[in-house]
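Heads up: the protein sequence lines correspond to chains A and B, in order. So the first sequence is numbered by our numbering: it starts at 1 and just counts up by one. So the second sequence is numbered by our numbering: it starts at 1001 and just counts up by one.
These are calculated hints, taken from the structure and not from any lab test. Ideal placement from N, C-alpha and C gives every residue a C-beta, glycine not left out. Take every hint as true, because none was put in to throw you off.
So the derived label-pair ranges between C-beta atoms look like this:
no.: 1; chain 1: B; residue 1: Glu1273; chain 2: A; residue 2: Glu88; range: 35 to 43 Å
no.: 2; chain 1: A; residue 1: Pro228; chain 2: B; residue 2: Pro1198; range: 49 to 57 Å
no.: 3; chain 1: B; residue 1: Arg1202; chain 2: A; residue 2: Asp22; range: 34 to 42 Å
no.: 4; chain 1: A; residue 1: Ala174; chain 2: B; residue 2: Ile1194; range: 51 to 59 Å
no.: 5; chain 1: A; residue 1: Glu88; chain 2: B; residue 2: Ala1092; range: 32 to 40 Å
no.: 6; chain 1: B; residue 1: Pro1100; chain 2: A; residue 2: Gly39; range: 50 to 58 Å
no.: 7; chain 1: A; residue 1: Glu299; chain 2: B; residue 2: Val1142; range: 54 to 62 Å
no.: 8; chain 1: B; residue 1: Lys1031; chain 2: A; residue 2: Glu288; range: 53 to 61 Å
no.: 9; chain 1: A; residue 1: Ala21; chain 2: B; residue 2: Lys1014; range: 47 to 55 Å
no.: 10; chain 1: A; residue 1: Pro228; chain 2: B; residue 2: Lys1031; range: 38 to 46 Å
no.: 11; chain 1: A; residue 1: Gly39; chain 2: B; residue 2: Asn1111; range: 32 to 40 Å
no.: 12; chain 1: A; residue 1: Glu88; chain 2: B; residue 2: Glu1275; range: 35 to 43 Å
no.: 13; chain 1: A; residue 1: Glu299; chain 2: B; residue 2: Arg1202; range: 54 to 62 Å
Selected chain A positions facing chain B (Cβ under 10 Å, derived; list incomplete):
no.: 14; residue: Val52
no.: 15; residue: Gly53
no.: 16; residue: Ala55
no.: 17; residue: Ala64
The chain contents come next:
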Amino acid sequence: MSRMVDCRNAYSKKLEEMALADERIVAIVNDSVGSAKLGGFKAKFPLRFINVGIAEQNMVGVSAGLANGGKIPYVCGAACFLTARAMEQVKIDLGYSNHNVRLVGISSGMAYGELGPTHQSIEDVGWMRIIPNMTVIVPADAIETEAVMEYSGVHQGPMFLRMSRIPVPDLFEAGMKFELGKAISLREGNDITLMANGVMVCRAVQAADELQKAGISARVLNMSSVKPIDREAIIDAARNTGGIVTAEEHSVYCGLGGAVAEIVTQTYPTKMRILGVPGVFAPTGSAEFLLEHFGLTAEGIRSAAIELLRSR
Amino acid sequence: MTDSAEIDFMKLEKQAMRLRIRCLQMVHRAKLGHLGGDFSSADILTALYGAVLHVDPSMPRDPERDRFIMSKGHCSGALYATLASAGFLTDADLDTYMKPLSKLNGHPDRNKVPGVEANTGPLGHGLPISVGCALAAKISGVSWRTFVLVGDGELQEGSNWEAGMCAAQYKLDNLVLIIDRNRIQQGDFTENTINMEPMAARWRSFGWDVHEVDGNNMEAVVECLRSAPFTPNVPSCILAHTIKGKGVSFMENRPSWHHHVPSDEELQKAIAELEGGQL
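Please take these sequences and the hints and turn them into a complete structure.
Now the structure itself:
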């Protein structure tokens, strides 16, 4: 396995590059200068860096006003507070108003591990994808993070970028282009399909390699674009492989698994297994411990795939 | 915008009276609406669009326009009638208020109605958005201004105070907050619900320059609005003392008229009172 990288560095480096080229770009934080890795941005673009303090409702409202005034705001804060605390502002000021704002949900999922369920954000994809006009992206590695950031500079409308701090290996070639609404195949296969996003993609790839050793060819799809989602890729997987396992660092409700199931059940019903946090608040433990605890590992995906195939 | 000397206050007062009549007709027809707050804010809205804001209905998204944000979005009747009078909507549009598929929703939608800057309705959204607008102008070094009208009960929402601190921190002297202090919210008088006083002192303590005005006196409102922003490096607050239901004897200062719909008889009586006023 190659280097293990915290994707936040890729996003903040790219944001600085983009801000240099496009003076409409501004960054807004809720005191989260360090955790959002924006010290460099603040130093380089002091007038375009806004710290509203610990006030998420105001932060999202301010971002809508900045967009109204012609800016392209990147609102960067811990995903748990950015989404839940400011939910009505996200729905009305960004979604309903269709303001051109990017929400960067830092340390999403269970990245804050030991800090507990107050700081974990395993509901954010569900909350965001239900809002009309909102685009939802969960990149898989640092290279895709950079590509998503590049794309975000030209996207029209509000967008949620889910940004973990759990280190992941490189999965893509440098310079890859992000295409909105397109699944990316990382392994070809026809026995079963593994769909994952964020920190679970590298684990799905490992699971596929293990399954291969047992003679099972697993297709692996990176589903970074949760909304819009690649409907054709999902229908093809349902039709042409033996079932679908989804894996996400999120509740099993309303996330990637839910989004895939909504399509599968209405087009080409097939068996699925939805891996995630099973509707509970997590116990105490590090992010790695919790991923292991909930079976969100290569082994967890592998065994779910075998169990699914056996149940057919 | 014209020179102060050229402003015809009598004409603006008549316009505000006609605005109230139009709101009555709209709400009577829709069987829904918020007349009490429409009436308390009618003079402020008329003053803003008649003598203060740099806006042009032929270019509703002109980047250099002044921004006006109607945070008390439930008073959409007054906003729409004002926008019609300013040329952003037609008078015929107003007859579709809240009808199926009308662009005139009960709460304003910026993507459907030219001249609307923000989708409001849930309270406590307008001031944070206005802070963002004012920040955008500051960052760009341009001179357009941002005005926002909030209800007094609305200030019970904490987001306003988050935004209030932020505006002072960023020295937003291009931002004018207007408080429609009609002292009544949906359920009761504000002071029977949550004490709002000392309101001026609260905003001053948050770092704002506060001017108080009779919000139903056209000349006073126009002069106060035109003298804002008041102080360099400090955001401006206009505490406009108003009367809910202003202009109609049986509506004034009655909590039930927050969203009461007039009967046929009440409609005629109210119009007669407005037309027969001292104007």
